Amino acid sequence: MTSSATPIVTEEHRRQLREIIREILELEDDELTDTSLFIEDHEADSLLAIEILARIEQDLGVSIPQEELPEMVNFRSVHEVFARNLANNGQ
Amino acid sequence: MTTATTPETRERPLDGTVPTVAPLALTAAAAVTPAGLGLGALGAALDGNGPEANRATGEIDGEALPPRPTRAVPDLDFAELLGRKGLRNLDRTTRLALVACRLAVDAYPGRLGHDTGTVWGTTAGSVRSSSEYSRRTLTADPPYLVNPSLFPNTVMNCAAGQVAIRHQLHGVNATLAGGPLAGVQAVRYARNAVRQVQVERLLVGGVEELSAQGCWGWHRSGGLRPHAAVGEGAAVLVLEQEERARREGRPLLARVLAAEVGFAARGRLVPSLAAVVTRALRRSGLSAAEVTTVSFGATQRRGLDRAEERAVRRVLADREPERAVRVNTVVGECSAATGALQLAALLADWRRAGAAAGEVALVPALSADGSVGCLVVQASEGLSQVGDPQTGAASAAERSR
Amino acid sequence: MSAAAGERVAITGLGAVSSAGLGADAFTRTIREGRSTTSPVRGFDARAFPHRYAGEVHDYRPRDWLDRINPDTWGRSSQFAASASRMAVQDAGLADDALARARAGSIMGTTSGESAVTERLVDEWHSGGLESLTPRSVDALPAGRIAAAVNTELRLDGEALTIATACSASNYALGYAYDLVAAGEADYMLAGGADSVNRWAHAGFYRLGALAEEVCRPFDVDRTGILTAEGGVALLLEPYERAVSRGARIYAEVLGYSVNCDAEHMVHPETSSIAACMRAAHRNAQVTPEQIDYICAHGTGTPTNDATEVAAVRQVFGSQPPPISSIKSMIGHTMGAASGFGALACCKALYEGFLPPTANLAQVDPALGPGVDPVPGRAREAKPRVVENHGFAFGGNNAITILGRPA
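Chains as they are written, first to last, in our numbering: chain A, 1 to 91; chain B, 92 to 492; chain C, 493 to 899.
Keep in mind that the hints are not guaranteed to be accurate.
[To be verified] With a Cα cut of at most 20 Å, we get these calculated EDC-like pairs of lysine to aspartate or glutamate:
{"hint": "1", "chain 1": "B", "residue 1": "LYS176", "chain 2": "A", "residue 2": "GLU28"}
{"hint": "2", "chain 1": "B", "residue 1": "LYS176", "chain 2": "A", "residue 2": "GLU31"}
{"hint": "3", "chain 1": "B", "residue 1": "LYS176", "chain 2": "A", "residue 2": "ASP30"}
{"hint": "4", "chain 1": "B", "residue 1": "LYS176", "chain 2": "A", "residue 2": "GLU40"}
{"hint": "5", "chain 1": "B", "residue 1": "LYS176", "chain 2": "A", "residue 2": "GLU26"}
Everything labelled a hint here was simulated from the structure, so no lab data went into it. Given the structure is predicted, the values throughout are model-derived calculations rather than measurements.
Build the full structure now, drawing on both the sequences and the hints.
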C-alpha cells in the first residue's frame, strides 16, 4: 500500500451496491431510498443482511466484518460501512 | 424359535396385544404432478386422457440430462401461486411443496388453526441444492464464498420449515427420510401425533424435484427399468381425527384404517411385504377379500416392481383387484413423493370411477434397503361430493399451463 | 406419564461413536472431565477456510464394530448409527438373537444424512461430470439408509425410520420411539441419530457467521459460534416393567416429551415458542418446573442461540433456573445426533449422579442475566431426579425430552 489518498466510493460502486440490495430484498427501484429501513420497511431479516454482506465481498471484493452488520440498516449506512471498509481493505 | 419367525407366529403376536387403532379421516388432498395441478388432472392422466406428460428437456441449468425420459411438472407461475415476495431463495423442492400445500389448504373445508402440524417425506432433501452448495465450495475461491441465504435449502427439513412459516403451523414438524416408504411412514407418524393429542390435524406431504443430479443418479444406479421416466411432483393430504371431522361437518374423502411397516432381511422382501399387508388388513378389521383397489408404488423400479406385485398377489390369494392404480406411469419415478402421490392417485381414480363409499384399497411400499409398509384406505361418502378447489391458485395454474 | 401413553418406558442401553470416545463409558469419562475433543479438520481440505476446527471422530474403525454393514457400501453416518446401536444392545445385556426375535426397530435422527456420500458424488461430478457418478455412491445416498443400517446390522424386522428434522432430530426420534414402546407397538426400539462432518455445512455456518474459530464456548461472554461435529448415538428403549423383570440396568425412565414449531424463521430461534415447548413437555411428563434438576441445553455457543435459550428458560423457570450446561463445548455440534448425545449424557447423569459441565467457560455472559449456572469446568457431583434435554433446529423445530431417575 502506498500513501495514496483514501479510496473513493465511485458512482459504479454505488450503483452496484443498490443493485445488490434491491435484488436481495426483492425491491423495485423506487422502493429503495437512502433511508428506508431494511427490516422495518422492507421485511428483511438477518439472513438477508448476511447475504448482502456476502454479495459485497463476492461482487465488489470488499470484506466487511460481521460485527458491523447491525450498523447496516439502510442504504445510506451500507454505503458508509462499505466506504470505511474499502479504505481498510486498502484497495 | 428361529430368526425367520414371522410376526404372526411370535409368542407375543402383535395382533393379540395391540388393539386396532382409531382410523384417521382424510379431509382434503392436493397434487402437483406432470399432469398439472389438482387431482382432476392426475385422474385424467391416469385414464390416459391427460396432457402429454413426457417432457425431456435435454438439460436443466446447463447440465445435460441422461438419455432417458423425464416427466416434469408444467411451468408454474410460482409468483402468482405463492406471491412474489420471499420466493427468490426457495429451491424447486420447497416451491413444489408450497404449491401443493396451497392447493390442499384451499381444498380443506375448515380453518387450519395453530394446532396443526406437518409431516413430510424425503429421500435426501433437495439433492440439487445440497450438491450445488457443496460444489460451490470446490469452485469458489476462497471456498466459503457461498450464499448464506441458500444454506437452509441444503437441510432436509427445509420444505417442512417453509410450509410451517407460510401457513403458521405451530405443531409437530417432522421430515421423514424414507424414500419410497416415506408416504406410509408419514401417515403412521401422523396417526401417532393425533393419538398423542399433539395436534388436531396434519398436512402430510411428499415432494421430489426433477434435477440433473437426480436423473443421473437414477440412470447410473440402474435402479429403474431401462425406459422408465424420472419424474417429479408433490402431494399433500390433510389428516385428522375422524370424530372431530364429523362433528364439525367436514366430509371425509377417505379413512386411513392402518399404516403398518416392517423391515425385511436380504432376499425376504416379498414375504415381509406380504406379512405387513396382512397385518395392516387385520388391524383394519378387514379381510383380503374386501380389497377392491391397489395403488402400487414400485412400478418401473427394477426388481421391486415384481416383488410388490407378487406380495400383493400372495395376500389376495391370486385374485386380481378390480382396480389397479399405477401413479408412476403418469408422474415418473418420484422417490419420496411416491407414497403421497399413490394416495392422491387412489382418490383421483376412485372419484373418476365413482367408487362407492366403503371400498377398500391397499397402498403398499417397499425399498431396496429392506423397508416395507402398507396403508389400508377406505373410500368415504365425501369423495363424490368434493372436486378440486376453484381458487385463485387453481385458475392461476390453468393460465400458466 | 402422558394421558395417551400406555406402559412406562425405560432406557437400558447406551452407545456412542464420537470424538469424545467410543462407547457410552468412554464418552461419559470425557464429559465428566470437561475435556474438549474437537480438533483441526481432516475429513476435507480446510486450509482455505479461516476456521478449521471440528468435532471429528478419528479413531473409529468400522470393521471393529460391525458384522453386517459393509463400510464399502454404506455411508459414514449409517456406520456411526449401526455401531452405536450395536454398542447399546451389548450395553443392555441383550443377546443378538433375542433382540432379532422380538418386535424391535430403530428411529434415527439426522440433519444432513449421508453428507459424506453427497460430497463424494460432488467430487465425481466436479471431476468427471454427472455421467461419471458411481452407482456405489448413488446407492449409499438416501438418508433412510441410516435406520436401515441399524436394522440390517442387528437383524431387526420392525420399523426402520430416519427422521430428518435437522438438529432436533434425535429428540424427535426418542419421542417417537417412546410412543411406540409405550403404546405396545414394539418390544424394543433403538433411538438416536447420526451425522458426518462435511465441507458444505462448514462453509455455510462460516458464512452465516456462526462458526467458532477454534473453541466452542457456550454461555461465555466471548462465545463466537459452533464447531461442526459428527458421530452416532443410540439408546435402547423397552417397557419399564419388563426391564425390571429381566433384571436390566435401567439408566433412566422416559417421562415425556414435546415438539413444536416456531413457524417464524428458518434459522432464528424464537423465545416464546421454545418456552411453550418446555411447558408442553412438562405437561406431557406430568412434572412441574420445580422438579427439573438439570437442563442439558441445546447450547450451540452462538450468541443468538444461547441468549434465546436462556431467555426461554427464564420464562418457564423464573429467576432461579436449574443448572443448564452444554456438552457441545466438548464435542461440538453433532447436528442430527446432538440431542441424542444430550439424552445419553442425561441418562448417565441420572444413573451415576452428576451434572455434565460446560467446558471452555471463562466468564458467564452477564447479558444472560443473574442466576445462570452452566456448571463450568468439570462435572459436578449431584443426584438429579428429573432432567430436561433440549434440541432446537433449522426451521424452528423444537423438541424437548424429559428423563427421570429410575424409581
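Going down the list of hints, with the structure as the test:
Taking the CA atoms of LYS176(B) and GLU28(A), the gap is about 12 Å. The hint holds against a cut of 20 Å. At roughly 14 Å between alpha-carbon atoms, LYS176(B) and GLU31(A) fall within 20 Å of each other, so this suggested pair holds. Distance hint between LYS176(B) and ASP30(A) is fulfilled; the C-alpha atoms sit about 16 Å from each other, no more than 20 Å. Between LYS176(B) and GLU40(A) the alpha-carbon distance is near 15 Å, which keeps this suggested pair within the 20 Å criterion.
At roughly 7 Å between alpha-carbon atoms, LYS176(B) and GLU26(A) fall within 20 Å of each other, so this suggested pair holds.
In this structure, every one of the numbered hints holds.
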